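Participant: Here is what each chain is made of, one letter per residue.
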Amino acid sequence: MSVVTENTAASVTPGKPLARRINWVKLAPWLYTVGLFVLWELLVIVLQTPPTILPAPSRVFQAIVQYWSPIWKNSLQTLYTTTVGFAIAVVAGLAIGLFIGWSKAIYAGLYPLMIGFNAIPKVALVPILVIWFGIGAVPAILTAFLISFFPIVVNVATGLATIEPETEDVLRALGAKKLDIMLKVGIPRSMPYFFGSLKIAITLAFVGSVVSETVASNYGLGNMMSSAQSQFNVPLVFAGLLMLAVEGIAMYALMAWIEMRMTGWAHRSSMSH
Amino acid sequence: MPHLVSIDNVDMRYGGAAGTLAVSGLTMKVGKGEFAAVVGPSGCGKSTLMKLVTGLHIPQSGVVIVADKHVTKPVSIVGMAFQNPTMLPWRTTLDNILLPLEIVERHRHRLRANKREYVEKAEHLLETVGLKGFGSKFPWQLSGGMQQRANLCRALIHEPELLMLDEPFGALDAFTREELWCVIRDLHAAQGVTIILVTHDLREATFLADRIFVMSARPGKVLKEHAVPFARPRDLEVMYEKGFNDMVHELHGEIASARVVA
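In order, the protein sequences belong to chains A and B. Here this note's numbering is used: position 218 in the first sequence is 218, and no number is missing along the way. Here this note's numbering is used: position 147 in the second sequence is 147, and no number is missing along the way.
Derived from the structure by calculation, the hints contain no laboratory data. Because the structure is a prediction, the values reported are computed rather than measured. Idealized CB from N, CA, C, for every residue including glycine. Any given hint could turn out to be false.
Claimed, not checked - For each label pair, taking beta carbons as the anchor points, the in silico distance ranges come out as:
1) B:245 - A:104: 28 to 38 Å
2) B:16 - A:106: 37 to 47 Å
3) B:249 - A:111: 45 to 55 Å
4) B:140 - A:111: 24 to 34 Å
5) B:115 - A:183: 15 to 25 Å
6) A:258 - B:200: 40 to 50 Å
7) B:18 - A:111: 26 to 36 Å
8) A:104 - B:20: 12 to 22 Å
9) B:140 - A:33: 50 to 60 Å
To be verified - Each computed DSS-like pair below joins lysine-lysine, with the alpha-carbon atoms no more than 27 Å apart:
10) B:32 - A:184
11) A:178 - B:115
12) B:69 - A:177
13) B:137 - A:184
14) A:177 - B:121
15) B:32 - B:224
16) B:224 - A:184
17) A:177 - B:115
18) A:26 - A:104
19) A:178 - B:32
20) A:104 - B:121
21) B:73 - A:177
22) A:184 - B:29
23) A:199 - A:184
24) B:224 - B:69
25) B:121 - B:137
26) B:132 - A:178
27) B:132 - A:104
28) B:29 - B:69
29) B:32 - B:115
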């Protein structure tokens, strides 16, 4: 959710009607969200679906209020496992990405392995993680890590591998070593790719932690939703989904903000030509 | 006049024994302080020449000598500028210009302690190319011509003895190009630096150079060497004289026949 700061207020004069004075672009995300909930509510009313199949949003919000304490506790747990797994993914992804992007031989050798590893559905790894670490927070953290580090690695390695040959020639002719070129050009250059990949990685990290919590944990939103489901408490399942969406949007927005702060130059320059 | 660059009977082949022969029997000598231009049909190994002289490529046979030293590794007394200005977008123009100083051995250790001196030098260079006060701007805030001026500053900041230019003005419009011709002409006159300019533009070569080397099609070698007779300092008006046009015409003919042979 990138924040739109396009300033159309400049063209506003007090004499204009209200509809022209509202910044519709800024308001749009909120209006569309409200619209979705209204549509959903109407659909449930019209089709008369029972709450065990599709609860109305009003029923879901009611469940959020009713079960606030467990929802809050489990949301924090999921946020915790996700962010810890994501943090490990950032560190490891950056390190592996730099390592892979360092030389063409390493890149060629490790790339197929990485592709193969990424092709494995991470949910299939959860049983192995449970054998190694038992159930609980550790498999959730590790699943979040395993699922989210790949896009970081690929993006950092791509940033390094696409240094313009002219830049490299200019520096090498001056006597620059590989390390100089990496420090002065490669790493700063790969930063927009890195920060861009964080948005993808954080979303995937939620997938990993919730999947693991669902099958192998006594805590977290995944676990809460699966036990609510076994009790046919469908409004609570939807309440969990809603909380996941909120956490996901919040973390995504945070990553987008960090990206703008750290590498705003990349959005204004034509680096990718 | 002592030679700064001496290339003697050089062969350079890419991609192993069966690979493409880029230059063959290349021989070329450029005196200290001279302005040399290299022209030729496309694919004649002009870029290979750049890499041979700067030590980025080591030839399979023949000898390249730069500043009395046999070139076996990157020489670090050169500055390079390409058609693509390759300014780093996360650095200001000034920091881009200072980049070579962070690399070159004899500057990198004194850069931090003598930052002011170097910044002054960079600002002086910026002024020389007509970019006074633009040091704090980011490259993407500059036009193509301004970026290319900054690129020239970057190539000159470490006071190279040799400046290698690979079609630096190729992507610019005609008027900006003429302006930059004058900039490079004045830099050459003021700093006494030796320049090798690789170009497709025969008028550019004739206007700027003391000596023009015409290269053959691949595998490249020097077909002919011309001394450019026009007195310095040259004004842009020289390009409308008959002698100038005759020379461009002659060069054009030589390259056209070199293309036919290929």
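Participant: Is the straight-line distance between the alpha-carbon of residue 29 of chain B and that of residue 69 of chain B 27 Å or less?
Facilitator: Judged against 27 Å, a Cα distance of about 14 Å means the pair holds.
Participant: Can you let me know if the beta-carbon spacing of residue 249 of chain B and residue 111 of chain A is within 45 to 55 Å?
Facilitator: holds (54 Å)
Participant: For a C-alpha distance cap of 27 Å, please report whether residue 32 of chain B and residue 224 of chain B respect it.
Facilitator: The given pair, whose Cα atoms are some 20 Å apart, holds under the 27 Å limit.
Participant: Are residue 224 of chain B and residue 184 of chain A close enough, with their CA atoms no more than 27 Å apart?
Facilitator: violated (41 Å)
Participant: Run the distance test for residue 73 of chain B versus residue 177 of chain A: straight-line Cα separation, threshold 27 Å.
Facilitator: Answer holds: residue 73 of chain B to residue 177 of chain A is near 12 Å, not above 27 Å.
Participant: Need the status of pair residue 32 of chain B, residue 115 of chain B: alpha-carbon distance at most 27 Å?
Facilitator: violated (30 Å)
Participant: Are the Cα atoms of residue 132 of chain B and residue 178 of chain A separated by 27 Å or less?
Facilitator: Not OK: residue 132 of chain B and residue 178 of chain A at ~33 Å, beyond 27 Å, violated.
Participant: For the pair supplied as a hint, residue 137 of chain B and residue 184 of chain A, is the alpha-carbon distance within the 27 Å limit?
Facilitator: holds (19 Å)
Participant: Just to be sure I understand the hint, the distance between the Cβ atoms of residue 140 of chain B and residue 33 of chain A should be within 50 to 60 Å; is that true here?
Facilitator: violated (36 Å)
Participant: Decide if the proposed pair is consistent with the structure: residue 121 of chain B and residue 137 of chain B, CA atoms, cutoff 27 Å inclusive.
Facilitator: Distance of about 17 Å is within 27 Å: holds.
Participant: Straight-line Cα separation of residue 132 of chain B and residue 104 of chain A no greater than 27 Å?
Facilitator: violated (41 Å)
Participant: Is the distance from the Cβ of residue 18 of chain B to the Cβ of residue 111 of chain A consistent with 26 to 36 Å?
Facilitator: holds (28 Å)
The structure does not agree with the numbered hints 1, 2, 9, 10, 16, 18, 19, 20, 22, 26, 27 and 29 stated previously, though it agrees with the rest.
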